[in-house]
Amino acid sequence: VNVNKHEKYNSFIDLINNKKKLMNISSDKVSKLYKLFKILCEMYTKIDYGNKTCNNYLKDANKFVDEYQKLLNDNDTDNGNNLYNQLLCSLSTDYDNLKSKCSDSSSFREIKTPTNCVKRSKQSSQLISAQNSEDISSSSIGNKLFTVLSIFGAIAFLLGISYKYSLFGFRKRFQKQKLKNIKKRMNQ
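Position 77 of the sequence shown, counted from 1, bears residue number 77 in UniProt numbering, the numbering being contiguous throughout.
Calculated directly from the structure, the hints in this document are not laboratory data.
Please read all numbers here as calculations on a predicted model, not as lab measurements.
Fair warning: there could be bad hints in the mix.
The list that follows gives simulated cross-link-like pairs (lysine to any residue, SDA-like), each with its CA atoms no further than 25 Å apart [to be verified]:
#1 46 to 69
#2 178 to 158
#3 99 to 73
#4 99 to 39
#5 70 to 89
#6 19 to 40
#7 70 to 97
#8 164 to 145
#9 112 to 58
#10 32 to 46
#11 35 to 23
#12 59 to 106
#13 32 to 103
#14 112 to 30
#15 46 to 74
#16 99 to 45
#17 38 to 8
#18 29 to 106
#19 38 to 113
#20 59 to 20
#21 19 to 35
#22 20 to 99
#23 112 to 87
Between the sequences and the hints, there should be enough to build the whole structure, so can you do that?
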């Protein structure tokens, strides 16, 4: 049996190769990328959807652009690591998405993107749309399963309460009614 023809084997080998490429990025650049992703995440958490002027994190945006430009200029020394370029493309795309959420995006500085970023974004959008359709179907199955299990759980809970009440509640009510009748007879 030739394992090279199996789809799972090929996808696993691709995953291993991508991990190797990630390992080839210097730790200095990884820490700088982490810093950029952290700044970007902080800006996303500061978004006020009621107030779309976005002036409250313009300082963070300028800091992000400065650090991004440093990494982009330093990219020439990275020996053409495509995965590193993909990370830079992802950062620039996320930054542009953040800018689009603000009504006054002209106050944000523009950033340059790596040269092969356009091709990557088309491929990634196709990949993301395919993944989203799979996620939507699996999430709807998950939602349906959760709903059905919740209904069965509620039914079991109510049946348990009614069973306990039927064992003890009716008996106690019957005993109280009997005592009242006995007291009435004694008082008469």
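Evaluated hints:
1. 46 to 69: With Cα atoms ~23 Å apart, residue 46 and residue 69 stay inside 25 Å; holds.
2. 178 to 158: Violated. Residue 178 to residue 158 sits at ~28 Å, over the 25 Å cutoff.
3. 99 to 73: Given pair residue 99, residue 73 holds - Cα atoms ~22 Å apart, limit 25 Å.
4. 99 to 39: Holds, because 14 Å separates the two Cα atoms, which is no more than 25 Å.
5. 70 to 89: 14 Å, holds
6. 19 to 40: 24 Å, holds
7. 70 to 97: 21 Å, holds
8. 164 to 145: Violated, because 29 Å separates the two Cα atoms, which is more than 25 Å.
9. 112 to 58: The given pair, whose Cα atoms are some 18 Å apart, holds under the 25 Å limit.
10. 32 to 46: Given pair residue 32, residue 46 holds - Cα atoms ~21 Å apart, limit 25 Å.
11. 35 to 23: With a Cα-Cα distance of about 18 Å, the restraint between residue 35 and residue 23 holds, given a limit of 25 Å.
12. 59 to 106: Holds: residue 59 and residue 106 sit about 14 Å apart, inside 25 Å.
13. 32 to 103: 29 Å, violated
14. 112 to 30: 20 Å, holds
15. 46 to 74: Cα-Cα ~29 Å, so violated.
16. 99 to 45: 14 Å, holds
17. 38 to 8: At roughly 34 Å apart (the allowed maximum being 25 Å), residue 8 and residue 38 break the hint.
18. 29 to 106: 29 Å, violated
19. 38 to 113: 19 Å, holds
20. 59 to 20: 36 Å, violated
21. 19 to 35: Given pair residue 19, residue 35 holds - Cα atoms ~21 Å apart, limit 25 Å.
22. 20 to 99: 33 Å, violated
23. 112 to 87: 14 Å, holds
Comparing the model with each earlier hint shows violations of hints 2, 8, 13, 15, 17, 18, 20, 22; every other hint is respected.
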